[in-house]
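One letter stands for each residue in the lines below.
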Amino acid sequence: MSTIETTDTSLPVYTPKDFTTDQDVRWCPGCGDYAALAAVRKALPGMGTKKENFVFVSGIGCAARFPYYVDTYGMHSIHGRALAVATGVKCANPELQVCVVSGDGDLLSIGGNHTIHTMRRNVDITIMLLNNKIYGLTKGQYSPTSETGKITPTTPAGSIDYPINPIAIAVATGCTFIARCLDVDMKSLDTIYKRGMAHTGTAFIEVYQDCNIYNHKAWFYASQKETMFDSTIKVEHGKPLIFGVDRQKGIRFNNGRPEIVTIGNDGASEADLIVHDETDKFLANMYAQMSYPEFPEPMGILHADPTKPAYNDLLYQQLDESKAKSGQLDLQALVTGNESWVVR
Amino acid sequence: MPTDQTTNTPSTTLDSVVIRFCGDSGDGMQLTGGQFTDTSALFGNDFATFPDFPAEIRAPKGTTFGVSGFQVHFSSESIYTPGDRVNAMVAMNPAGLKVNLVDVEPGGIVIVNEDEFTKGNLAKCGYLDGYNPLEDEEIANKYNLVKVPMSRLTKESLADSGMGAKDINRCRNMFALGIVYWLYERPIEQTKEYLVKKFAEKKGLPEIAKINIQALQAGYYFGETAEVFPSRYRVPPAKQEPGTYRQISGNEATVLGLVTASQKASKSILYASYPITPASSVMHGLSHLKRFNIKTIQSEDEIAAICTAIGASFAGDIGITGTSGPGLALKGEAMGLALMLELPLIIINVQRAGPATGLPTKTEQADLLQAMYGRHCESPVIVLAPRSPSDCFTMAIEAVRLAIKYMTPVIYLSDGYIANGAEPWKVPDVSSIPEIHITHPTEADVGEDGFMPYARDPETLSRPWAIPGTPGLEHRIGSLEKDAESGNVSYDPDNHDMMVRLRAEKIERVAQSIPLLEVDGDPTGDVLVLGWGGTYGSITTAIQQIRANGHKVSSAHLQYLNPFPSNTEEVLRSFKKIVIPEINLGQLSMLIRSKYLIETIGINIVKGQPFKVGTLVEQITEVVES
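Residue numbers (the numbering used here), protein chains in the order written: chain G, -4 to 339; chain E, 35 to 660.
Honestly, the hints are just simulated from the structure, not real lab data.
Treat each hint with caution, since some may be false.
[As the list claims (entries may be wrong)] Computed list of lysine-lysine pairs in DSSO-like fashion (alpha-carbon distance at most 30 angstroms, straight line):
#1 E:232 / G:320
#2 E:189 / G:320
#3 G:318 / E:237
#4 E:646 / E:273
#5 E:460 / G:318
#6 E:95 / E:176
#7 E:301 / G:320
#8 G:318 / E:231
#9 E:181 / E:226
#10 E:189 / E:200
#11 E:176 / G:320
#12 E:189 / G:46
#13 G:37 / G:234
#14 E:132 / E:176
#15 E:232 / G:318
#16 E:95 / E:226
#17 E:301 / G:318
#18 E:273 / E:460
#19 E:176 / G:46
#20 G:318 / E:324
#21 E:226 / G:303
Chain G with its partners taken away, still in its complex shape (with noise of 0.2 angstroms):
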């Protein structure tokens, strides 16, 4: 259902202008939700969808202002449930490009419940975790994602919890398109975005965003020049797993394991290097197990599976096979049932 109209000629021609609505955008100067936004702003008009068949939901926290800032269809709704009506809009009308943007307390706390589910089924729906790791809107209590230790409002001896890994829960529910991506590569998150929206099936993008009031520089050790190269690597289908700032570094298996090496030294050579496969649901596996700093964090899109029907197909499947079974509509019929008795 989500297969792009590029044979549409009746499709305007818009530009990121055509997206963006009249109100002023409430963000903190410097937040990395600017970056997401202008990454949608800009893939939205080469989608190939029109305008209105666009529908954005959120949830509640910073990021889920993101709807009122887009010029299509949009709710804001409640804390936590963005993806449950997400379910129900594309469902109500498969025709419709829906994407939901929320932040991480939204998505995997109150909200966890949904996004494990929505996952499973594979409702065709784009999500896009903004991440910061942090409470902004309620002014900077500790999130699921926050790390060990973190010292916040609620938490002034550190948190005791352990985060979450958002892509492992991706791919314990066998969520079928998989990406990761930093705010601030707008390249990439053009393209990562634009694929995940044609993907049939729950596309499931987190980013890694900057709060620069209450969690600055959480990501830093991704974003930096100084420790990126080696902190992060970018993974491209077909290609091998080399990173570091001389692209010097690979990844090989060993044993069974992930294992870094330098390539030329230690006898191993770029054909000795694991060859990124997005199809590959064990190395889906292994990317959401490595976390910097014992390996570098993968970035781009780590897996896409479409060969698994989304749930809304099936769902318009089956009402089409009934239809079709069933021949004239008889209402009458219906509501007289099979055992009434006639009284004269």
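Put chain E on the given structure of chain G with help from the hints.
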């Protein structure tokens, strides 16, 4: 086929009879009672049923908490309840007898499967060592106790069938049904056809159908030949209006009402729900109607269910969710969202006894205040309550009609009693049911200032239902307070005050679109009995009896709880005393008192059971005579 000519037993004609079948939850009592009901319906009796089963699917065998019962009241007159007192009972085991004997009238027929009254079984249901109720003289004197070795007779009648003991044992309920068919002069043909359809045709087990039919016949012949009953009983057909009739339960009627509304509105339904007793059968029913473009989603939880329904309504379907009281509590915040968004939404609440898990299979009317106020802040919604199983059809259509007309959530308060209970229903001509008109705005409706998603219809105050996919009407709605017209986020204090009042006023105006409250009896007088929802049958029967006793009393029954019909105050002020029976501690009383400053006298019994007519007669009469 056995016929009346083969017996010499005399026959007594009765107006109506209440029979209760009871036994272990695995004894097939619901099926047995259902078959007796079907047969009586086809015979032309009026009837009302009361299935009463435990929450446990298969409680430990032989225990009192595993007892399942099915009561059916059938009559040659119009009846509204399954009856207070049982005239005849079939108890398949000691536990069934122990739990149910108290409801049998003195002199009533009690047929027991005496083979099950073993030492072990008697102990299992807590009878003292050495005591057997079948040997209790007091019981023998008080009731017409008929001991039948049903297990043994069933076994003997099927001895040549070649079937295993387990399958044969399962036919005992049909043997019992056969006895009861003979006793009440019912034909067995209907049940034979049913058994063939159920076992032979659907399950491919013709041999099972065969032995069940044999057991049924054996039971019938036993009645005829054993001469244990001094008389047979005949309940002639009721005088009913000509027409096509069917049997219907409340949840079935809800399903049919929703589908009919969908067809009349030319709109697809999306029903999202999480399984919960006693609402689940609404989802079961709708799930089989995909051909009518009914989409059902079994959500991951109650909150997801309502939010998915809200999303569906936003996108242009009729979004519906169904639940019972505990689920309604979970949906509270999302109901607030729906009324803030001003989208049509129907919330089916089949009430059950609580709070918390409470008595999940038992009935109650205690969610009225939750329906009215169980949300944060000022959040009025429409509240409706069907009054009988068949009324669920009409009120389900009403729920959809009003939700769409006023762009608002509607809570539909059914209850476990009418949801599971069944009655005969004169099938309506669906072509006579009015269409439900829906207008979705298009680009042509956009004014100079652009599309205003919160511009209101001057009459109903409802806003336009613009759906995604419509060019030129792109807009955002949300849970934040919004500017009265543009729908943009607004923190303006005066705007909020105005919006709070507007949302309340919109629901008040619904009174213009609903019928007036009708009074049964004199329009003025000393005593008015005011009821609501599923107690209609008990109250109506009680009123008839009180009048037959020579007293004057009027009654009125509310199906619209918010807003009340516009003449409600006028009706109430026409009487000196207002009696309000409800299966809660006085929730409608509280609403009436606070809204109209009118004193009320409550009759409040909260036992997880429908009102006993006798109790109502007694308590209302007390007020009438005082």
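Evaluated hints:
1. E:232 / G:320: This hinted pair holds, its Cα atoms lying about 22 angstroms apart.
2. E:189 / G:320: Answer violated: residue 189 (chain E) to residue 320 (chain G) is near 44 angstroms, above 30 angstroms.
3. G:318 / E:237: Holds - the C-alpha atoms of residue 237 (chain E) and residue 318 (chain G) are around 25 angstroms apart, at most 30 angstroms.
4. E:646 / E:273: Given that 30 angstroms is the threshold and the Cα spacing comes to 25 angstroms, the pair holds.
5. E:460 / G:318: 28 angstroms, holds
6. E:95 / E:176: 28 angstroms, holds
7. E:301 / G:320: Cα-Cα ~21 angstroms, so holds.
8. G:318 / E:231: Given that 30 angstroms is the threshold and the Cα spacing comes to 25 angstroms, the pair holds.
9. E:181 / E:226: Between residue 181 (chain E) and residue 226 (chain E) the Cα gap is close to 25 angstroms, so the pair holds against 30 angstroms.
10. E:189 / E:200: Within the cut-off at roughly 10 angstroms; holds.
11. E:176 / G:320: Violated - the C-alpha atoms of residue 320 (chain G) and residue 176 (chain E) are around 59 angstroms apart, more than 30 angstroms.
12. E:189 / G:46: Violated: residue 189 (chain E) and residue 46 (chain G) sit about 73 angstroms apart, past 30 angstroms.
13. G:37 / G:234: 27 angstroms, holds
14. E:132 / E:176: Roughly 15 angstroms between the alpha carbons, so the hint for residue 132 (chain E) and residue 176 (chain E) holds.
15. E:232 / G:318: 25 angstroms, holds
16. E:95 / E:226: 28 angstroms, holds
17. E:301 / G:318: Roughly 15 angstroms separates the two Cα atoms, so the pair holds.
18. E:273 / E:460: 13 angstroms, holds
19. E:176 / G:46: 79 angstroms, violated
20. G:318 / E:324: 7 angstroms, holds
21. E:226 / G:303: The given pair, whose Cα atoms are some 47 angstroms apart, is violated under the 30 angstroms limit.
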